[in-house]
Amino acid sequence: MKKLIYMSLLALPAQAEVLWSDFSLTYLNGSQYEVGDPDRQVATFEYVAGTSWGGVFMFVDRLHSDNGDKETYGEFSPKVTLYEFDQQSWIKNISAAATMEIGDGFTHYLYGAGMGFQPAGFDYLNVDFYRRNNDSGKDNWQTTITWAVPFALASTQWVFDGFLDWSSAIGEQGTAANMNWTSQLKWNLSPHIGLKSPLYLGMEYVYWNNKYGIQGVDERNANLLVKWHF
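All the letters of the sequence shown, read from the start, carry residue numbers -16 to -1, 1 to 214 under mature numbering (1 follows the signal peptide of the UniProt record, and there is no 0).
Incorrect hints may have been included.
In the DSS-like style, the derived pairs of lysine-lysine whose C-alpha atoms are separated by at most 30 Å in a straight line are [what the hints assert, rightly or not]: (1) K195 / K122; (2) K54 / K180; (3) K122 / K54.
None of these hints come from the bench; they were simulated from the model.
The model shown is predicted, which means the values in this text are computed figures rather than measured ones.
Build out the structure end to end from the sequences listed, making use of the hints.
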């Protein structure tokens, strides 16, 4: 029944009219990763779209560690809008939400509900509540907050965006609830070099307590960032 609900959420956005979309490529380079080699380079492909049903977001990470280890991880997250508020409301919409997490040797399914907000100064602000159906181990809960705040400094254009995931413990020995706060501060280089599409330079910072739910493994990780939208 759980997977039937999830697959229904996957199918609806696939049939929707695409109202807008964005592709981007990101390069990250950091040396403070936990669990495995601390020195890694990451290439990320992202796609996001607004549709007549709601929207969809997906990404694929390809990680290369200095010790030769390689890893691929991706997520696919559709949303189906259940109710849309008017422009005067501080709440934008309420949605049914799902996410599929795919890594080397596992696939997790998340399903739940989300709310979009429209505070002044934000490009977007979303809060989603999920139940995760883990591929191995007990199921658990997750809350996800995503945001983006564009701003200008003199003649320069900047964006501060990111996400915060809080996941409950799965109840096994050595595990704990974990919190991953990942943010990016990015400067748009494009206006200064004649590019039409945004090209960002900046930094990503990861503040992750109990990484992957492993009790006592805390990551504080700054990465050089280059991101191109096309």
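Checklist entry - Out of the numbered hints, which ones does the structure contradict? => result The structure breaks only hint 2.
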